[in-house]
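K.L.:
Chains as they are written, first to last, in UniProt numbering: chain A, 1 to 442; chain B, 1 to 243.
Each hint should be verified, as a subset may be incorrect.
[Said to hold, decoys possible] Keeping only pairs whose Cα atoms sit at most 25 Å apart, straight-line, the calculated DSS-like set for lysine-lysine is:
| hint | chain 1 | residue 1 | chain 2 | residue 2 |
| --- | --- | --- | --- | --- |
| 1 | B | 220 | A | 3 |
| 2 | A | 188 | A | 128 |
| 3 | B | 240 | B | 224 |
| 4 | A | 2 | B | 240 |
| 5 | B | 220 | A | 53 |
| 6 | B | 224 | A | 2 |
FYI, nobody ran anything at the bench for these hints, they're computed from the structure.
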Amino acid sequence: MKKSISNWGNYPVIQSNEQSFSLVSELEEKLSKSEEVIARGMGRCYGDASLAKNVFSTLKFNHLLGFDSSTGLIELEAGITLESILDFVVPQGWFLPVTPGTKYITVGGAIASDVHGKNHHVEGCFSKHVLEMDVMIASGEILTCSPTQNSDLFHATAGGMGLTGIITRVKFQLKKIETAYIKQKMIKAKNLNEIIELLDKYSSYTYSVAWIDCLKSGEGFGRSILMLGEHAKVEDLPESLQKSPLKLPKKKLLTLPFYLPSFLLNKLTVSIFNFLYYNKMFKREINNVISYEPFFYPLDAIQHWNRGYGKKGFVQYQFVLPLESREGLVEILKKISSNGHASFLAVLKIFGEDESLISFPMKGYTLALDLPVRKNLFPFLDELDELVLQYKGRIYLSKDARMQSKMFFETYPNAQKFVSILGKYNPSKFISLQSKRLQIKL
Amino acid sequence: MATTLILGANSDMGRALASKYASKGYDLLLAARNPNDLNSLQSDVSIRYNINCTTIAFDATKLESHIDFWKSLPTVPETSILVFGFMEENEKAVTDSSILLNTIQVNYTGAVSILNIISRTYKENKKGQIAGIASVAGLRGRGSNYIYGSAKAGLIAYLSGLRNELFKFGVQVTTVLPGFVYTKMTENLDLPAILTAQPMDVANSIYNALEKKQDIVYIKWFWKWIMLIIRLIPEGIFKKLSL
Ligand SMILES: Cc1cc2nc3c(=O)[nH]c(=O)nc-3n(C[C@H](O)[C@H](O)[C@H](O)COP(=O)(O)OP(=O)(O)OC[C@H]3O[C@@H](n4cnc5c(N)ncnc54)[C@H](O)[C@@H]3O)c2cc1C
């Protein structure tokens, strides 16, 4: 039975045959009968990375296999979500070593995209904290891999977008926390230069990210808010919270039930930004303590906010440029905002050194913004790709739905090596819409 | 802490029930044909909810093994939930007698056999709770699904009689009537989203129904009214419909 599926950007939408499994034996049996398959977790990648003719949903393969509350080592099946891990480990004083801007993703997805958080410049990508994992490769065999065992498989699976096989079991290291709260500092910046300087200046903070207003032109071009954070210690909390510092009150979620025209979503983000920016309390800097959820997952409070971009969907354009290409950042951002394609907000982060085989991050600046799908968007993004290429940057595969193959092979220096490792583990079984488009094959 | 037995724990609904009861602090006895299939579930609920969880082999079609199975349990569970079932395409069950037999044995004979044993203990002890998962398919036979439907109809009649008998002994018997549920058994069917429940919805409803000692529970309220209408259609008209 074919079903319509799409990922977070609602673009593209395809007909696919989706199967699930709760046991390795079931996966092996179903996999042996299928061609052109790809693993799919929560579908939070924006584009076509987890879409294929045959999709294997990992969501029923979601069991905890081991947890040591004294060391913070956790072992689990890859379909488990970050949300369900947090619900279990935070009350015991542990946190994810790296988390993206949503907790509605699976551990398998976190590794396959080798996700980064607001702490990349300090703590690297997700895979850096993985001790070992099992991958079911095309033959149906399960191989255990780690930085020292089957290390080529390990490195090609981290950031490999599901193309080495299906990650089944993962063991990784959590991070110790004293409280479920974050000590936050917010700083206003008048323009792009100022925000980049602030990012550099505060790079010793564990968590940092900036929201940039893309609509403001002239002097205030790039006016923004820098958000910094550290895990709060017990003594940082108000006395009322000190008794149970690891417990958070339960909250209700809002749901966006229908597709909205995209200008409404823009209005919403505009008003949130303006509210913050012009808030009377907000002279230049705010320091406060907030719970981890609004700090890491501000958008998760509104379920299905992606419907706010309307039925045609949207793409998120995320690129990284090396540190020395600062002027490229300005040029690209100006081009986007003058062209009127952009959403209101862009997210700017700084990345640290990254030695990975095929993961996205490199030392430099990364910018992400949402662009509703409409006429001429794709030719325009091809033009932006040219600039990214020229400034020696690259595009994040997990957000991509439209990049051309040439761009991928020119900007990911280990692309060929990656392809040759795939030849060993996945001659032709794991194929996504994305890997077809990018011609990632021998 | 109280213990819950789940018969057919390897199904999607069985797994959801295991998580639900564990999250409420119950110890678990999980039974399935191949208990090794329950290892990951066992580790998940024991780690996450800090409860005791035991897995045991159980085969609904091996009636002769049922007494020993019940006697071998480490403790008498306060709650027993019968989840297992078997459904094949109707046409196959009509033409292939082994599929026919399996449909009847799993859904009816096997279910009745183990519940007979459990209910004797509960009757003697004058306490206990039983929930049996039947199906709305058992409420009226339809041309597309009447072999499975008639086996479940038998189970529905059995549960009703058992409830009647055990009521005076303080034993609760609950009949569960799911409509469409998203499970691995149905993942190849195009089910109408608003009529279809998630396995966790089934688990929540069963938990709540037993807490409130409800006798008959539909999963998603409108199924009660849909089935009421379906049952009211006169046979002369019903036979002409393609259902
Ligand atoms: C609001 C929002 C904020 C985000 N913020 C960030 C961010 O800050 N940083 C960041 O890095 N990303 C971010 N992302 C992207 C997201 O973290 C990644 O796309 C992630 O991979 C999604 O995981 P998923 O479980 O939804 O997997 P899917 O989207 O279903 O799949 C993503 C990829 O993982 C592969 N995959 C999934 N499971 C497995 C498995 N078991 N074995 C092998 N391959 C598998 C798929 O084949 C596919 O290639 C964000 C996304 C959203 C919607």
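K.L.:
Which of the listed hints are broken here?
P.N.:
Of the numbered hints given earlier, those the structure breaks are 2, 4, 5, 6, listed in rising order.
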